[in-house]
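In order, the protein sequence lines correspond to chains R and L.
To convert, note that position 116 of the first sequence is 116 in my numbering; the numbers rise steadily by one, no gaps.
So my numbering is basically just the index in the second sequence, starting at one, shifted up by 324.
Mixed in with the good hints there might be a few duds.
Unchecked claim - Quick look at which bits of chain R chain L covers, simulated, 3 or more residues with Cβ under 8 Å:
(1) 65-75
(2) 88-97
(3) 223-235
It is worth saying that the hints were derived from the structure and are not from the lab.
Virtual Cβ for every residue (Gly too), placed ideally from N, Cα, C.
Here is how the chains run, residue by residue.
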Amino acid sequence: MGQKISFLKALNEAMAEEMRRDPSVFVLGQDVRIGVFGQTRGLVSEFGEERILNTPIAENAMVGAAIGAAMNGMRPVLELMFGDFLLMTMDQVCNNLAQWRYITGAQYEMPVVIRAAMGGGSRSAYGHSQCVESQLIQTPGLIVAIPSTPHDAKGLLKTAIRSNDPVVFVEHKRLILSPLKQEVPDEDFTVPFGKAAVRREGSDVTIVAVGFMVTKALYAAEKLAREGIEAEVIDPRTIVPLDTDTIFDSVEKTGRLVTVEESRIRGGVGAEISALACSDYFSCLKAPVRRVAAPMVPVPGGPILEDLYLPNEDSIVRAVRQIV
Amino acid sequence: MALEDDTLREMYRRMILVRFMEEAHQKLAREGRIHVNPHLGTGQEAVAIGVTGPLRKSDILFGTHRGVGEYIGKGMTPKDIWTEYLEKRTGLCKGKATQHLADRGNNIPGLAACLGSDFSMAVGTALASKMRKLDQVTMFYVGEGSCNEGDANPSMCMAALWKLPVIFAICNNQYCEMSHMREHFPTEDVAPRAAGYDIPFEIVDGQDIETTYEATQRAIAHARTAKGPYVVEYKTFRMAPHYAADSAKYVPKEDLAAWAKRDPIDLARTKILERRILTETQDEELRDQLRDEVAAALEAAFAEPDPGIGDLFEDVYA
């Protein structure tokens, strides 16, 4: 095995390695030569200003430019500094990027990665704190990757950059800023799309947690274990495609399901997994499904209300206790 | 300046072909034999053909949903257009694009259905040309109405900032869907916006094929020599309604009559006859031949297979 690296370093290494192996890969975004959160920091010294391209502040047009570059032989990796800014780009992302291959009869593929930092906890209020990944699952043609560990951040981002279909790559700010390190292989490796990871085995309840919420779910599982409840924690790693086999193999074993996400509850990832449980796996359920997610309110700016807004290990523990 | 005889004759041929294609489309729509609603470019042929005429096959074109002019001009065949319009599974876009034509072989990446979104795509293709050191320009052909979309502003900014080989060719037909441009613009001209980005621009007559062609040549020469983007606004008039169901009563009859006197095909015909590039008899023969070509392509396209349920689910990551 190789060295231990942080989530941030994992993203940086993935981009650097892919740029070394493929000259058509380049990075663009606002202040990527500096790297505001640090994912792209230092890349400009190796790859030059042409391949680490600072753009004006114009998110929708940045995505359009990435689409155009992909139409003409390049593989752009676009950084949107905050996931909230994805909502400024819904025309390009949902109407064009996601659907261009289909609408042109596969004459044009869309090897575009959009990386976006999401999530709360930094007291940045409504337009710099949201998790918006669940808003993307309604659009056909988009892959949505959401890593929770340094290993997966690196392996999934490399897979994303090699994908000929567009990927929205979610980087939770709490993970970007986390000092925690994890060993990753020295050699080239990738993590496939649509393959969930079982983070903890258990027989009493299945917790499907997305992105940063995997960390919270694992804390919750430790608390529950002290009460004699053994939770199985599943990290889907990509929400499109969704590894329903791994999720529902677990539900068949435990008979109980809790979903956890930091995006909002209505029509979210948990709603989709719950609907699948009701329609396809109803007979394995011994109890109602519980969804832990952000409430249907804007993200408040201050620490008191934001902490009440965000799902955490206690809300996960409460949800599990309700059905076990 | 005058175009070479061969060039003028070829542009004249293309303009007539476009007119006949669109007349055939209109007829099919009236007969209920085609689902693509005709958004015709009648009267704008000298713009669409003049904008595409000087392009190379390796150059990239983004077109509009209005008529087939720029697509014919960039090399699409009548058969390929009909096959796509008629939703045939053998169409270049497998019948899924219909009027949003794309043709990779001719470097036509397609058309954003939400107008103006492709402004920035043209910046992207030109950026890739520059990064890959290709001798290639991107022609972004757009109606004046779409220039009010949000993407126009940052796209011109980025194109100028990065000195990209892209031409913004604005076909100003004076009507934005169902209202005159005076309800959309505080100015008569759109191109002067380019000055705000230090992009050179021209405003030219859109009815005379020699004028449109030569303005495009100047724009391409600028872009191809790494000097950055260029804007040309071609003044023309939309003789057709917005689409088939539009009675276009909002267009003054006297305006239609005035612009009909400067029909681009008639203007070109006068030059062609005066310069003896064609005789009247040869002109008639050319038109007969083009009518036959349109009809034969249409018949061949109708014979192509329809898509099925399998095609619905192909070519998208789901």
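| Violated hints, by number in ascending order, as checked against the structure | Of the numbered hints given earlier, the structure breaks just one, which is hint 3.
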